[in-house]
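Trainee: Residue-level listing of the chains:
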Amino acid sequence: MALTVEHFTRTYANASGTFTAVDDLSFTVASGEIVGLIGPNGAGKTTTLRALAGILRPTTGRLMIDGHDLIVDPLEAKKRLAFMPDEPHLFEYLTIAEHLQLMARLYGVDDFPRRSAVLLEELELTGKEQLLPGELSRGMRQKVVIACGLVRNATTLLFDEPLTGLDPIGIRRMRHTIVARGREGAAILLSSHLLHLVEEICTRVIIMDRGRKVADGTFAELASRADLATAGSNLEQIFLQVTGHTREGT
Amino acid sequence: MLSASLYIIVCSARNRLRVRLRRLREPRYLIGALVGAAYIYFSFFARFRMTRAGVQRRRAGRTSAPILMISAVRSVAPGVVGLALLAMTAAGWLLPFESGLLDFSEAEIQFLFPAPVTRRGLLTHRLLRSQLGLLFSSVIAGLVLPSASGFSRVQIAVGMWLLLSTAKVYYTGISLARSTRSQRAFRIC
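Those sequence lines, one after another, are chains V and G.
If you read the first sequence in this note's numbering, its first letter stands for residue 1, the second for the next number, and so on.
If you read the second sequence in this note's numbering, its first letter stands for residue 1, the second for the next number, and so on.
Same shape as in the complex, but just chain G (with noise of 0.2 Å):
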């Protein structure tokens, strides 16, 4: 299942690749693609810079408010954070939640069901299908997150990714469980 399914994501990212890039010889889509590629050139290639300075200017020992800030946002935001984390993963079982994991599309219910595969073999296809979103997004926060040097930027996108690769799993447990609950209550029924 596991070559099967990396076949999927594999060529689907590929061909969707193909489709998009093929589609920018009609004019609409090149002037998009062009404003979306100059937002992103100057939101972030100009926050570098910023930062860049923003580095120089403490090595030469001189410190401004908005850095000052930062300084007191990273020493308070670990404990936030944990206990935002805290609160959500209680969220999770107290509030009518599910994870979106155990959505499958059509066509992987139609190729996929009727398939020898184990149903662990079918929720492995799905956390792997995930993962480029996940992937995605953590290189975007990474991005985006104010930080002093390159590195910090790949802790970030690392750091997110573990995060929200384990939160899916997570959610995700908490739905089977409240999936098979629900059924023993219709068979008790």
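Chain V on its own, in the form it takes in the complex (with noise of 0.2 Å):
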């Protein structure tokens, strides 16, 4: 498996006491698989996400990129990844050219330069290499994170809200970019409160909630539990009965 988590648990300490932001979490992540991660906000995603990209350490649990563990082997594991967060925080006075030569010092990217130069033009920043992320739109910076994350051939990829801030065109792009990833066989987590997204997109579903997993299969296997859907549900009902709002406005 590409990307495997074991009983992750993530517990925060606050003024009152503990916190469990995740809570026994366990699943994988083939080659090849886009995997949507969806749920209420609070639900634990970006905390597994952020755990998945080495910012935040396990309080228990197991992570695993391509068989290296994250904790025991940090280096191996993180060469094998990408991590794409939701709000794009670029260095200040690094453009968007300097950014990518950044992500190749970092990671050693093979031909670098044919790489960039089709990534900026797969993501519509050709002619804004040298702007600095001042001068760019939130949609624009988010491109710029993601072009950073797929300049270099990651086996694993995470995404925590990769749409957000992006124009019509811009979603529709990285719609293809990331089912095109999927193709070449790496192997995809997605954070999204897009359900239509993920119900098009993704091979696979995982919904928490409280820090929980509370369903993970296809979209045609959730459908079909008599518990979670009725006869033509979409994901979006579907999500709304696992979770207990299965009321409008709840």
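It should be emphasised that the hints constitute simulated quantities derived from the structure, not laboratory data.
Some hints could be false.
[Said to hold, decoys possible] Rough simulated footprint, nothing fancy, chain V against chain G, three-plus residues with beta-carbon under 8 Å: (1) 9-19; (2) 109-123.
[As the list claims (entries may be wrong)] Just a sample of chain G residues kept apart from chain V, beta carbon distances all over 10 Å, derived: (3) MET1; (4) LEU30; (5) VAL35; (6) SER43; (7) ARG74; (8) ALA84; (9) SER105; (10) PHE136; (11) THR166.
None of the values given here were measured: they were computed from a predicted structure.
Beta carbons are placed, not taken as given, at the ideal position from N, Cα and C, and that holds for glycine.
Fit the two chains together into the complex; they arrive one by one in their own frames, and the hints show the way.
Mentor: Written out as structure tokens, the structure reads:
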């Protein structure tokens, strides 16, 4: 498996004691799979992705990238993954081209000039290489973050709300980009509140609520479960059923 | 990591300077820069001239009250500064003080934490990044503190830089030790 999460728990200490953001989460993502991670706000999606990216340490449990444990063998694990966060925080005084060059220095990217040129074209960033983040819209900054993640050959891609801030054309292109990376064999874990996007491009869906996994399967599998769906249910209806928000407005 | 770290620091400094210079096209920034330059000129260059004049007076065998005062301060300063440093190093452990060296920017968290970089590499990056600020502070100290010659100003700047760098590393060590201890305590709980 390209990505393995085993009994992952993340607890935070706060003034009133401890708070468990993710509780005993286990799942896998195989190469070529695009798995949608969905759930209401505070479900633990971003905590899971940030732990998989190596930003947060798990309190307990194991996180493996291509068989390399993120805690035991972090350098080998991190070489294989790319994380595209929901908030595009860029270095204030590095241009787009310099951000990509920085990735090449950090990861040792083969054939960097060609790869970066292709990617800049794909993400409509050609001609803007010398701009600083302060001169870019939020959508453009999001594209830069995604370009930085895709400029190298990562086997595992983590997307946290990748379409936030993009215009309709950007959304369409990004959808195409994600699906193309999946077809090329990357294991993709994607968190999004856009359920129609998840339904359209993901091969499997994991639903989280209050830090726990409450459903896991392909859309067809979830739709066929009598406890989750009725005939003709879409992902949104299944999601509302699973998370206990079936009444309108709750 | 060293190469990436230097790349971030050098490119950021260069682009920051470019942005500041570009801003000078706007009259309000240009006026601000001119006022700042005039302030620096009259503060420091005037001081240099006064210092040179003082040196010439001393060579001529004349002494004045300020010069005597400077000599008196110089004789007790090492002891006072030594005691102050001792108090500060002890206070670092006793007071709830945190070194800013472990405060990574959001961009550093997003780009460097998921990268194949060791913890030591991350700390080296923060240490390197803090050097620009420390060097600037040291140069300012060399210019501002009273001194008799250009060489002693360089000595003051180098000394300040060594002192500030050592303090940065020392207080980071305290922060790391505290962080490790609190993590252990959290796990035990």
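Trainee: Now, for every hint given, state plainly whether the structure supports it.
Mentor: For each hint, the structure was consulted:
With a threshold of 8 Å between beta carbons, the proposed coverage of the segment 9-19 of chain G by chain V holds, since 6 of its residues qualify and at least three are required. Here the segment 109-123 of chain G counts 10 residues with a CB under 8 Å from a CB of chain V, which clears the bar of 3, and the coverage holds. The Cβ of MET1 of chain G sits about 8 Å from the closest Cβ of chain V, inside the 10 Å cut-off, so the non-interface label is violated. In this structure LEU30 of chain G is separated from chain V by more than 10 Å, as the shortest Cβ-Cβ distance comes to about 20 Å.
Every CB of chain V is more than 10 Å from the CB of VAL35 of chain G (nearest about 25 Å), matching its label as outside the interface. With a minimum CB-CB distance of about 28 Å to chain V, SER43 of chain G clears the 10 Å threshold, and the non-interface call stands. Its beta-carbon lying about 41 Å from the closest one in chain V, ARG74 of chain G satisfies the requirement of being farther than 10 Å from that chain. The claim that ALA84 of chain G is not at the interface with chain V holds, since no C-beta of that chain comes within 10 Å of its own (minimum 35 Å).
Annotated as non-interface, SER105 of chain G brings its C-beta within 10 Å of a C-beta of chain V; the closest such distance is 8 Å. No Cβ of chain V comes within 10 Å of the Cβ of PHE136 of chain G; the nearest lies about 16 Å off, and the non-interface call holds. For THR166 of chain G, the shortest C-beta to C-beta distance to chain V comes to about 28 Å, beyond the 10 Å cut-off, and the non-interface label holds.
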